[in-house]
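Participant: Spelled out, the chains give:
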Amino acid sequence: MKLTRRVILGLLLVLTSQLLRAQPIRVGSKHFTEGYLLSEMLALLIEDQGYVVERRFHLGGTMICYSALKENEIDIYPEYSGTISSEILKATRNMTVPELRDTLEKSGFLVSDSYGFENKYALVVTQSLAAQSGVRKISHLKAHPSLRIGLSYEFLKRQDGWENLAKRYGLQQTAFGLEHGLAYGPLTKGALDVTDAYSTDGEIPYYKLTLLEDDIGYFPQYQAISFCRNDLPAPVVAASEKLTGQISESEMQELNAEVLFRNRPYAEVAEKFLVSKGLLKGGRNSSHLNELLARTTEHVGLTFISLVLSILVAIPLSILVYRKHRLSQVVIYAAGLLQTIPSIALLAILIPLTGIGAVPAVIALFLYGQLPILRNTVTGLRNIDPALKKVADGLGMSPYQKLKFVEFPLAAPAILAGIRTAAVINVGTATLAAFIGAGGLGEFIVTGLALNNHSLILKGAIPTALLAIAIELLFEWMQRLFIPKYLRSETA
Amino acid sequence: MSSVISFENVVFQHRTQENPLHLNIGLPSAKITAIVGPSGSGKSSLLQLINGLLRPVSGIVHVLGSPIDYTRLEQLRRRIGYVVQSAGLFPHLTIAQNISLSAHIKGEAVSEDRIDELMTKMTLSGQFKQRHPYQLSGGEQQRAVICMALYGRPDIVLLDESMGSLDSITRVEIQDQLMTLQSEEKYSAVLVTHDLQEALRLGDYLIVINRGNIEAHGTAQEVQSSPSELVQKLFEHSTIGPRKFSRS
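Chains Z and L supply the protein sequences, listed in that same order.
FYI, our numbering numbers position 474 of the first sequence as 559, with every residue one higher than the one before it.
FYI, our numbering numbers position 80 of the second sequence as 168, with every residue one higher than the one before it.
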C-alpha cells in the first residue's frame, strides 16, 4: 500500500515536471499542410541554434494564431502578408511587407522578409489545355469565351474574387460554383477548363496544372513571412530569417505534394528540404518511437493530472452535498450540463481565459471528470443500508468517524467505478487537446486529419485505444486490490 | 426503585399515529426491561428516544441521571449499546473489528481479552475473529452483534427485536447467554419484542405498549393482573408462565 502510494506520487511529480518544462521557444502553426511544413522548418532552424522548441501546431485559423501570438502563448508562426493586411489589420488596401513591418512594430511584432513565394488565389488550367490553346495568362482567357469556368463558392463571393476579376480583365464567361475539393477531377478529365486554386497547392504539380499569370496584378500579395513577437532572442530571429528567399512557388508546390500525395511525414519533408538547401546538417532523423513515447507521455500526463484534480474536487464535493437531496441534485445537474458542452467548444471557450496549451486542456478534462465521479460517489453514499447508518449513529460516531469507518469504505466500489469511467472518458477526450497545442496522441490524429493521412490517424488512434484498455485493466486490478470480495458484486 | 431512564411528559411523533404519543414512565436500573407490543405500536421509536435517534416533540427524557443533551449525543451514545433488528455488523470489517469498533470510536486501545471473553460467553468460536460477517450464519452474526454492543461495558444496552429472525433453539440459547451476561455485568437492558414469551423469559420489568399507549407496566405478575384487554389476550395465547416469579 505504502509502495503503491509512493509510486503514484513519483509518477505525478515526473508528469508535472514534464508539463512545466523550462521556457522553450513556442512555434505555432495554422491547421493545414503548408502551415505545418513552414512551422516545422522554423522549429528545426531554431532548434539548430540550441533552443528548446515547443511545437504548438494545429492552431486552427488566423485569428487563433494571432491571438495566441498577442497573448504570448506562441512566439512565432508563418503567416501571409495579405492575410495580416486584410484580416488582422483590416486594412482597406493591400499593404506591402515593409508597410506591414512599420505598422506592426508599434504593437510589438516583427515580420520577416518573404520566404520567396506567395500563396495567393490563382486560376489554373491543365498543361495540355495550356499547350493546345496557348492560354498562359489570365488576359488570354478573353480570346477563349467558350472555356468552362468552375470556381469555389468562396472565390465567387470574395471581394478579390471572380466578379471584380472578370470586370478588370473584361472577361465574358459566366462561372459556375462547385466544391473546391471536387474541382480537380472534372478538370483533369476535361469536363471543366478553368478553376481557382491557391498558387502553392500540391495539386498543381500532381495533376500537372498550369498557373495562369496574373498579368495585370489583380490579386493582392500573399507573401509567406514569419510573424513573431519582437521580444524574441536575436539568435532566434536570425535563425528564422534563414528562410528568407529560400522557397520558390514551385518548390512549395512540390513540398505540399510530397506530404499530400506521397504520404511523407511533414517533419521529414521539412527537414530534407532544409538539408538540401544547406540550411541544416543532415542525419538528425528523430526516431518514430521516441515521438510516439513523447506523445504518449503527454497524453497520460494530461489524463492523469486532470483525473487527480477531478478526484480531489468531486469526492469532497459529493460528501458535502450528498446528505442534502436537493443540493446534490443541483450539483449533479450542473456537472451533467458541463458534460453536454462539446469538447471542442469547451476548449474554444477556455482559450480567451487561459490561453492555449496544457492548462485549458487539463481544465476541460477536469470538468468532464466531475460528473461520473460526483454521481457515483453520491449514489454510493446514498445507497448505504440505512440500518447500518443507524448503527453507526447509535455507536456514537462523529460525522468524521462515520465517513471513515462506514460511509467511505462502503461507497468505495461505486466511487472507484466513477473514477474508472472518468479516466476512460478523459483518455478519449484528451485526443482533442492537440487542437489547442497541448500535445498528446491527438497530435497524430489532428495532423492526420489535416493531411488526410490515414496511417497517421491510426498512429494516434491505436495507442489511444490501447491506453483506454490499459486503464480498464488497471482499475480492474485496483478493484481486486482495494475492494473486499463481498462488496465487489454490488457494482459488477 | 431508582430509574436509569425516565420519560417525563414526553410527547413524540410516531409514524402510524396521527396524534403525538404521551409517555410518563421510569425504567429500573441494572435490570432487563422488556417492552412488548404488536408491530407498529411504537416500541422501536421508544427505544430510539433513549439514544437520541428520535427527539421528542416535547417533554424530557432522562438518561443516566440527567436530561439528554441533544448537542452532545455522541458522548451519551458511547455509553449505550444498541442492537438493531436485522442489521448491525459492518460488512467490510472483520468480526473482531466489528466487536471492538467502539474502542476505535473512543480512541482507546483494542482489548483482545475483552473480545475473547465476550465471544466465549456468547459461544462464538475464536476462529471467526478474522472472518467477515457474510461468512457467518444468522445466529452467529446476532451473537457477534451482541458482543459488539457489550464490548465497551456500556451502562445501558438497547435491543431492538434483536432475535426476531432466529430459529427458536438459537433464540433460547442467546436469551440465556444475554441473561447470564446481564447478571454479571449489571448493565441496564431495554429489550423491545413483539413476542410475549421472550419478554416474560427475559424481562425483570415489563411494559406493554399498544398504539403508543402504555397498556400496563410492572413485574410480570403485576402486568398479568392488569385489566387491559390486550394484556389478557396476550396471556391467553401464551403457553408458558412468567419465569421471573421464582427469581424475584
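A couple of the hints might just be wrong.
EDC-like cross-link-like pairs, simulated, lysine to aspartate or glutamate; straight-line CA separation at most 16 Å [to be verified]:
#	chain 1	residue 1	chain 2	residue 2
1	Z	K155	Z	E132
2	L	K194	L	E228
3	L	K194	Z	D478
4	Z	K474	L	E162
5	Z	K475	L	E249
6	Z	K487	L	E249
7	Z	K475	L	E162
Here are a few chain L residues that sit away from chain Z, every Cβ distance over 12 Å (derived from the structure) [unchecked claim]:
#	residue
8	G114
9	N139
10	G147
11	D201
12	T211
Covered by chain Z, per the in silico footprint, the following chain L stretches (three or more residues, Cβ under 8 Å) [said to hold, decoys possible]:
#	stretch
13	116-125
14	263-277
Simulated from the structure, these hints should not be mistaken for laboratory data.
Cβ coordinates follow ideal geometry from the N, Cα and C atoms, glycine included.
Participant: Can you confirm whether chain Z covers the stretch 116-125 of chain L, using C-beta to C-beta distances below 8 Å and requiring at least three such residues?
Facilitator: violated (count 0)
Participant: Taking the shortest Cβ-to-Cβ distance between L:T211 and chain Z, state whether it exceeds 12 Å.
Facilitator: holds, 23 Å
Participant: If we take the beta carbon of L:G147, is the closest beta carbon in chain Z still more than 12 Å away?
Facilitator: holds, 22 Å
Participant: If you draw a straight line from the CA of Z:K475 to the CA of L:E162, is it 16 Å or shorter?
Facilitator: holds, 13 Å
Participant: Quickly compare the C-alpha distance for Z:K487 and L:E249 to 16 Å and report which way the hint goes.
Facilitator: violated, 24 Å
Participant: So if I understand the rule, the pair passes when the alpha-carbon distance is 16 Å or less; does L:K194 with L:E228 pass?
Facilitator: violated, 26 Å
Participant: According to the definition I'm using, a residue is off the interface if its beta carbon is farther than 12 Å from all beta carbons of the partner; does L:N139 meet that for chain Z?
Facilitator: violated, 6 Å
Participant: Checking C-beta pairs, does the stretch 263-277 of chain L have three or more residues closer than 8 Å to chain Z?
Facilitator: Our answer is that it is violated, as 0 residues pass the Cβ test (under 8 Å) against chain Z, missing three.
Participant: Z:K474 and L:E162: Cα distance at most 16 Å?
Facilitator: Status holds; Cα separation ~14 Å.
Participant: Is the Cβ of L:D201 farther than 12 Å from every Cβ of chain Z?
Facilitator: Per Cβ check, L:D201 is outside 12 Å of chain Z; nearest 21 Å; holds.
Participant: What's the verdict on L:K194 and Z:D478, does the C-alpha distance respect the 16 Å limit or exceed it?
Facilitator: Answer holds: L:K194 to Z:D478 is near 13 Å, not above 16 Å.
Participant: Are the Cα atoms of Z:K475 and L:E249 separated by 16 Å or less?
Facilitator: Between Z:K475 and L:E249 the Cα gap is close to 15 Å, so the pair holds against 16 Å.
This entry does not satisfy hints 1, 2, 6, 9, 13, 14, going by the numbered hints stated previously.
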